[in-house]
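Peer 1: Going down the list, the protein sequences come from chains A and B. Start counting the first sequence at 1; every next residue gets the next number (this note's numbering). Start counting the second sequence at 1; every next residue gets the next number (this note's numbering).
Calculated from the structure, these hints are not laboratory results. Predicted model only: the values in this text are computed from it and were never measured. We put the CB at the ideal spot given by N, CA and C, even for glycine. Treat each hint with caution, since some may be false.
[Said to hold, decoys possible] For each label pair, taking beta carbons as the anchor points, the in silico distance ranges come out as: (1) A:Ile61 with B:Ala262: 25 to 33 Å; (2) B:Leu302 with A:Gly153: 37 to 45 Å; (3) A:Arg22 with B:Gly40: 54 to 62 Å; (4) B:Arg7 with A:Met77: 52 to 60 Å; (5) B:Ala17 with A:Gly153: 29 to 37 Å; (6) A:Arg200 with B:Pro115: 45 to 53 Å; (7) A:Met77 with B:Leu228: 32 to 40 Å; (8) B:Pro176 with A:Ala57: 14 to 22 Å; (9) B:Leu29 with A:Asp195: 27 to 35 Å; (10) B:Leu138 with A:Arg200: 38 to 46 Å.
[To be verified] Reference listing, derived: stretches of chain B covered by chain A, where coverage requires no fewer than 3 residues with Cβ under 8 Å from a Cβ of chain A: (11) 67-77; (12) 109-118; (13) 131-142; (14) 153-167; (15) 220-230; (16) 279-289.
[To be verified] Residues from chain B that face chain A, not an exhaustive set, calculated with beta carbons under 8 Å: (17) Leu27; (18) Ile37; (19) Gly40; (20) Phe82; (21) Val146; (22) Tyr149; (23) Thr270; (24) Ile274; (25) Leu275; (26) Val294.
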Amino acid sequence: MSITPAAIAVAARPARRGAVWRHLRRHPTIVIGGVLLGLMALAAVFAPYLGTVDPQALSPIQRLRWPSAQHWFGTDMLGRDIYSRTIYGARVSLTVGLSVALSTTGLGLAIGLVTGFSRWADALLMRVMDGLMSIPAVLIAIALMALTRASLGNVILAITIAEVPRVSRLVRGVVLALRELPFVEAAVASGTRADRILWRHILPNTLPPLLVQATYTAASAMIIEAILSFLGAGTPPNIPSWGNIMTEGRSLFQVAYYIVLFPGAFLSATVLAINLLGDGLRDAIDPRLARRM
Amino acid sequence: MLAYIIRRILATVPVMAVVAVFVFALLHLSPGDPAAIIAGDTATPADIARIHQALGLDRPLYVQFASWVWQLLHGDLGISIFTNLPVTELIAQRLGPTVALTISTLVVSVSAAVPLGVLAAWKAGSWIDRAVMVFSVLGFSVPVFVLAYVLIYLFAVRADWLPVQGFAGLDRGLGPFLAHLVMPTLALAMVYTALIARMTRASMLDVLAQDYIRTAQAKGLANRQVLLGHALKNAAVPIATVIGIGVALLISGVVVTETVFAIPGLGRLTVDAILRRDYPIIQGIILIFSAAYVLINLLVDLSYTLLDPRIRY
């Protein structure tokens, strides 16, 4: 969530090793979130070696089997193994989360720095961002997906466009706050060139809050991907994603709820892990906020 | 004050203009021929030509834009490609269930979240506080449709207390109307409640640390009076802001919730339009939802003066 007032935080000094350890002990959420997310990433990378079968393999004789020793999470109406599909689905979710986090950070940084330093660009770009922000993210992504062919790349692009305004607003806010600080004033007074101020003084200080925002963006992107797939406007049906598996189990929910249950649980657990990590990072960056939020 | 209200209303014009230009530009900037994509893989050239004409894609861009804006200003959102009915008519037909669900969610969320947030801040560090924080992290993490299915499993499949899906208008009596609304409302309210509770707690913690709270306590006011009369009143502005911003989450959630519970509202209309790639409907729905969002946030802005008399314009 980007709505938390953690938006503007100035970088802490690089902590010493002991301090990092103490911080982790006091904030176990970073460890819990990190481990959970790490496990999910390992599952995605090593999906073929985790007792899975071809997630697309049809087996008409074994349709709608309940979870058993042979099919850990059961099978769907086409006899596909839900366990394999769920594990492979982690690849889609994590790819989308990571790609959107990286691309929104890059784009948001560029737009935010420009608007923080150029008045006319600020007036123009921020009006556009205000407009985009008044369209709920899922609807922007739906509109984009309705006009492009379904592919993973287009899903990532659509969610990036929906999420960029928030990130650029964050960067702009940080830049505007930093510009007023004495060390920037000192740099200006000592005749430092504008581009050097931007690179050496402003940019590094925007990174900590951007990192926190990137985790929240990744979580939000994974939810939007699942929603898009669930609504039939996301990842193409031939790729097993958590949203796709759930939408396939939708009409069968009353007879075979496990089809929806497992991918839903994996999605929730992954988003939870990222949110815990994000909250922990936010507290680490700005201890003043830690008490409050 | 009046001047401020007028200025604030005028400020929504550029925002809505950006939204309008965006949904228009999307159709024309998207790679490839939108008519071919809308028509689908099995379309004949005649189908594509028909869609070209229906969307007015055969005319020069500036003519298309001018006539589109002209129609928009007259409340005309175009014609659905699939059903050939005016989009405004289709939206009007589906508005009821969505408005009912949104209002019930707003009421439930705000009346649950604000007391929870106040309680968590008052008992900061206690188990109540921890429980509220755990709830709020979970609320952000469990997507609305996953929660919806958990509720369906518990209350409709397992216990058979509530109808699995569907919607009953008020004309069918208050009982069925509410029974159909309970689960969708709970599913949708989760993330919104989490958001508002978190902000209430943070804002209350700020206020509770102020000197005038200590003064109020020192002169022997009851806790109730200190919390509600002094603290919550001063903490209200950020809470109102987040209620307004959170409406975006609510709108996104409505589309999904209506799909899970087969509620014939705007969300369902959106999903049908996606499957048929009926772009005029999607365009119309985005404009309506964004206008609603902008309007609600306008009202929130104007409410600041009521919540905090120090704010004058």
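Peer 1: All hints, please: hold or fail.
Peer 2: These are the hints, each one checked on the structure:
no. : hint                               : verdict
1   : A:Ile61 with B:Ala262: 25 to 33 Å  : holds (31 Å)
2   : B:Leu302 with A:Gly153: 37 to 45 Å : holds (43 Å)
3   : A:Arg22 with B:Gly40: 54 to 62 Å   : holds (59 Å)
4   : B:Arg7 with A:Met77: 52 to 60 Å    : holds (58 Å)
5   : B:Ala17 with A:Gly153: 29 to 37 Å  : holds (30 Å)
6   : A:Arg200 with B:Pro115: 45 to 53 Å : holds (49 Å)
7   : A:Met77 with B:Leu228: 32 to 40 Å  : violated (54 Å)
8   : B:Pro176 with A:Ala57: 14 to 22 Å  : violated (45 Å)
9   : B:Leu29 with A:Asp195: 27 to 35 Å  : holds (32 Å)
10  : B:Leu138 with A:Arg200: 38 to 46 Å : holds (42 Å)
11  : 67-77                              : violated (count 0)
12  : 109-118                            : violated (count 0)
13  : 131-142                            : holds (count 5)
14  : 153-167                            : holds (count 3)
15  : 220-230                            : violated (count 0)
16  : 279-289                            : holds (count 6)
17  : Leu27                              : holds (6 Å)
18  : Ile37                              : holds (6 Å)
19  : Gly40                              : violated (10 Å)
20  : Phe82                              : violated (13 Å)
21  : Val146                             : holds (4 Å)
22  : Tyr149                             : holds (5 Å)
23  : Thr270                             : holds (7 Å)
24  : Ile274                             : holds (5 Å)
25  : Leu275                             : holds (6 Å)
26  : Val294                             : holds (5 Å)
Hint check: violations occur at hints 7, 8, 11, 12, 15, 19, 20; the rest are consistent with the structure.
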